[in-house]
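Residue numbers (my numbering), protein chains in the order written: chain A, 1 to 239; chain B, 240 to 360.
None of these hints come from the bench; they were simulated from the model.
All of these numbers come straight from a predicted model, not from anything done at the bench.
Among the clues, some could well be false.
Below, a list of computed lysine-lysine pairs in the BS3-like style, where the Cα atoms sit at most 30 Å apart [stated by the list, open to error]:
id, chain 1, residue 1, chain 2, residue 2
1, B, Lys241, A, Lys80
2, A, Lys174, A, Lys21
3, A, Lys80, B, Lys356
4, B, Lys329, B, Lys290
5, A, Lys174, A, Lys87
6, B, Lys241, A, Lys26
7, B, Lys355, A, Lys80
8, B, Lys356, A, Lys86
9, A, Lys29, A, Lys174
10, A, Lys87, B, Lys329
11, B, Lys290, A, Lys80
12, B, Lys329, A, Lys29
13, B, Lys356, A, Lys87
14, A, Lys86, B, Lys290
15, A, Lys80, B, Lys244
16, A, Lys21, B, Lys356
17, B, Lys355, A, Lys86
18, A, Lys26, A, Lys174
19, B, Lys329, A, Lys174
20, A, Lys174, A, Lys86
21, A, Lys21, B, Lys244
22, A, Lys87, A, Lys26
23, A, Lys80, A, Lys21
24, B, Lys290, B, Lys356
25, A, Lys87, B, Lys355
26, B, Lys356, A, Lys174
Covered by chain A, per the in silico footprint, the following chain B stretches (three or more residues, Cβ under 8 Å) [claimed, not checked]:
id, region
27, 246 to 257
28, 261 to 275
29, 283 to 296
30, 304 to 311
31, 318 to 326
32, 332 to 340
Here are some chain B residues the structure puts well away from chain A; computed CB gaps all over 10 Å [unchecked claim]:
id, residue
33, Lys241
34, Val243
35, Ile314
Glycine residues also receive a C-beta, built at the ideal position from the N, C-alpha and C atoms.
So you can see what is in the structure, the chains are spelled out below.
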Amino acid sequence: MNIVIAVISLLGTIAIFYACKALYQKFSKEWLTPILISPLVIILLLLVTGTSYESYNAGADILSNLLGPATVAFAVPIYKNFDLLKKHAFEIVLSIAIGSAVAIASSFIIALVVGLNDELVHSLVPRSVTTPIAMDISNMIGGSPTLTAVFVMTTGILASLLAPIVMRICRFQKPSARGLMLGMGAHGTGTSKAFELGELEGTFASLAMIVAALISIVLSATFFPVLEHFVMNILLPSW
Amino acid sequence: MKIVKSFVQIGYLYIILFIGNSIARLLHLPIPGSIIGLILLFLMLQFHLIKLEWIELGAGLLLGELLLFFIPSAIGIIDYDALFGIQGVKVILVISVSAFVVMLVTGYTAQWLERKKGDAA
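Could you build the full structure based on these sequences and the hints that come with them?
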């Protein structure tokens, strides 16, 4: 029985994803993006049939597992466009360093302002980097890694929906600005979205995602403790 | 035939991932094995230790279907009942505002630096 649920979960997830993708391509509405609609449909089905996440994931886990080799595969677009990336190395590193610091600081401060509890606040801080690294950082700064994984996904979905608005308001035309913003703001899902715009955008996004991951590890061990100390011991008591 | 070739190539990527994971574990690095694997593969391509054709199809297949691999972890949210109430609304607010600002700042910085360089690319 369990194996049947696992097989149905795996095949069902793939079928629902491609059905959503077809719908998205047919109507090209941003909110129809398969990363938003397919989880909603599947969650609904799980709730209606009373299936637990554990038994669903026993089968669907194969898909999450493929994220491992997929991350390795990012070496290919980077290799193909290495000359271009070398030429833009300075912009990439500086804009991602600033983006990472803003991601950490804004998640922390806004989470405190809206009054979330300590565990949620610390689990939100690493939300802008790719899942395995975000979970490690969460563990390091006292958050909950599993909650962080959920927030990383939520970030991917929300940021992909917001990205077209940001690009329109700010008139970001260059592949570098568009790709870096997507890879920084929405990690893997943003990178996937960037490849929809073009190979160049996708390459910049892949690199942004990697650089963001590495810089965030450093910032979480250096910048975040200082920020936390400043906000909790100096800023808050003086309010 | 193409699909068989892609699957074999994904197998190669798994081998590189395995090496990356082993390196991370042995050296106690705070970096995940997948990122080490990425750097390894890049170096091997750059120094012509392996040919692009050996992995290009498999890599293309994985990167093309990347979104699909995120779906099961997104569904993990159903195990957090507390996030379906007011807490959830607050979390969505935090993430939306923060993500918006992050993308704006990152994009502007990149564009500003590029303009300063007076680069036509």
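Right, here's what the structure says about each hint:
Restraint check for Lys241 (chain B) and Lys80 (chain A): the C-alpha separation of about 21 Å stays at or below 30 Å, so the hint holds. A hinted pair counts as satisfied when its Cα atoms are at most 30 Å apart, and Lys174 (chain A) with Lys21 (chain A) qualifies at roughly 27 Å. Restraint check for Lys80 (chain A) and Lys356 (chain B): the C-alpha separation of about 24 Å stays at or below 30 Å, so the hint holds. With a C-alpha separation of about 49 Å, the suggested pairing of Lys329 (chain B) with Lys290 (chain B) is violated against the 30 Å cut-off.
A C-alpha spacing of about 15 Å is found between Lys174 (chain A) and Lys87 (chain A), which places the hinted pair at or below 30 Å, so the restraint holds. A hinted pair counts as satisfied when its Cα atoms are at most 30 Å apart, and Lys241 (chain B) with Lys26 (chain A) qualifies at roughly 27 Å. Proposed proximity of Lys355 (chain B) and Lys80 (chain A) is supported: the alpha carbons are some 26 Å apart, at most 30 Å. A distance of roughly 14 Å separates the Cα atoms of Lys356 (chain B) and Lys86 (chain A); the hinted pair therefore holds under the 30 Å criterion.
Restraint check: the Cα-Cα separation between Lys29 (chain A) and Lys174 (chain A) comes to about 23 Å, which is no more than 30 Å; the hinted pair holds. At most 30 Å may separate the alpha-carbon atoms for a hinted pair to count; Lys87 (chain A) and Lys329 (chain B) exceed this at roughly 41 Å. The straight-line distance between the Cα atoms of Lys290 (chain B) and Lys80 (chain A) is roughly 12 Å, inside the 30 Å bound, and the hint therefore holds. With a C-alpha separation of about 26 Å, the suggested pairing of Lys329 (chain B) with Lys29 (chain A) holds against the 30 Å cut-off.
For the hint pairing Lys356 (chain B) with Lys87 (chain A), the CA-to-CA distance comes to about 11 Å; that is within 30 Å, so the pair holds. Of the supplied pair hints, the one linking Lys86 (chain A) and Lys290 (chain B) holds, its CA atoms being roughly 21 Å apart against a limit of 30 Å. At most 30 Å may separate the alpha-carbon atoms for a hinted pair to count; Lys80 (chain A) and Lys244 (chain B) meet this at roughly 21 Å. Only pairs whose Cα atoms come within 30 Å are accepted, and Lys21 (chain A) paired with Lys356 (chain B) is rejected, the gap being roughly 39 Å.
A threshold of 30 Å between alpha carbons decides the hint, and for Lys355 (chain B) with Lys86 (chain A) the separation of about 17 Å falls inside it, so the pair holds. The hinted pair formed by Lys26 (chain A) and Lys174 (chain A) meets the criterion: a straight-line CA distance of about 27 Å does not exceed 30 Å. Between Lys329 (chain B) and Lys174 (chain A) the CA atoms are separated by roughly 34 Å; this puts the pair beyond 30 Å, and the hint is violated. Between Lys174 (chain A) and Lys86 (chain A), the direct Cα distance comes to roughly 17 Å. Compliance with the 30 Å bound is thereby established for this hinted pair.
The straight-line distance between the Cα atoms of Lys21 (chain A) and Lys244 (chain B) is roughly 25 Å, inside the 30 Å bound, and the hint therefore holds. Restraint check for Lys87 (chain A) and Lys26 (chain A): the C-alpha separation of about 38 Å exceeds 30 Å, so the hint is violated. A distance of roughly 28 Å separates the Cα atoms of Lys80 (chain A) and Lys21 (chain A); the hinted pair therefore holds under the 30 Å criterion. Note on Lys290 (chain B) and Lys356 (chain B): the hinted pairing is violated, with a Cα-Cα distance of about 35 Å set against a maximum of 30 Å.
Pair hint Lys87 (chain A) plus Lys355 (chain B) holds up; C-alpha atoms about 14 Å apart against a cutoff of 30 Å. The hinted pair formed by Lys356 (chain B) and Lys174 (chain A) meets the criterion: a straight-line CA distance of about 14 Å does not exceed 30 Å. Only residues whose beta carbon comes within less than 8 Å of a beta carbon in chain A count, and the region 246 to 257 of chain B has 5; three or more means the coverage holds. Check result for the region 261 to 275 of chain B against chain A: holds, 6 residues qualifying (beta carbon to beta carbon below 8 Å, three or more required).
A count of 5 residues in the region 283 to 296 of chain B with a Cβ less than 8 Å from any Cβ of chain A is obtained; the coverage claim is therefore met, three being the minimum. Counting residues of the region 304 to 311 of chain B whose C-beta lies closer than 8 Å to any C-beta of chain A gives 7; at least three are required, and the coverage claim holds. Coverage of the region 318 to 326 of chain B by chain A holds in this model, with 4 residues showing a Cβ closer than 8 Å to a Cβ of that chain against a need of three. For the region 332 to 340 of chain B, the stated coverage by chain A is satisfied: 9 residues place a CB nearer than 8 Å to a CB of that chain, which reaches the threshold of 3.
With a cut of 10 Å on Cβ distances, Lys241 (chain B) stays outside the contact zone with chain A, its closest approach being about 17 Å. With a least CB separation of 16 Å from chain A, Val243 (chain B) remains clear of the 10 Å interface cut-off, as annotated. Against chain A, the non-interface label of Ile314 (chain B) is violated: not every CB pair exceeds 10 Å, the least being about 5 Å.
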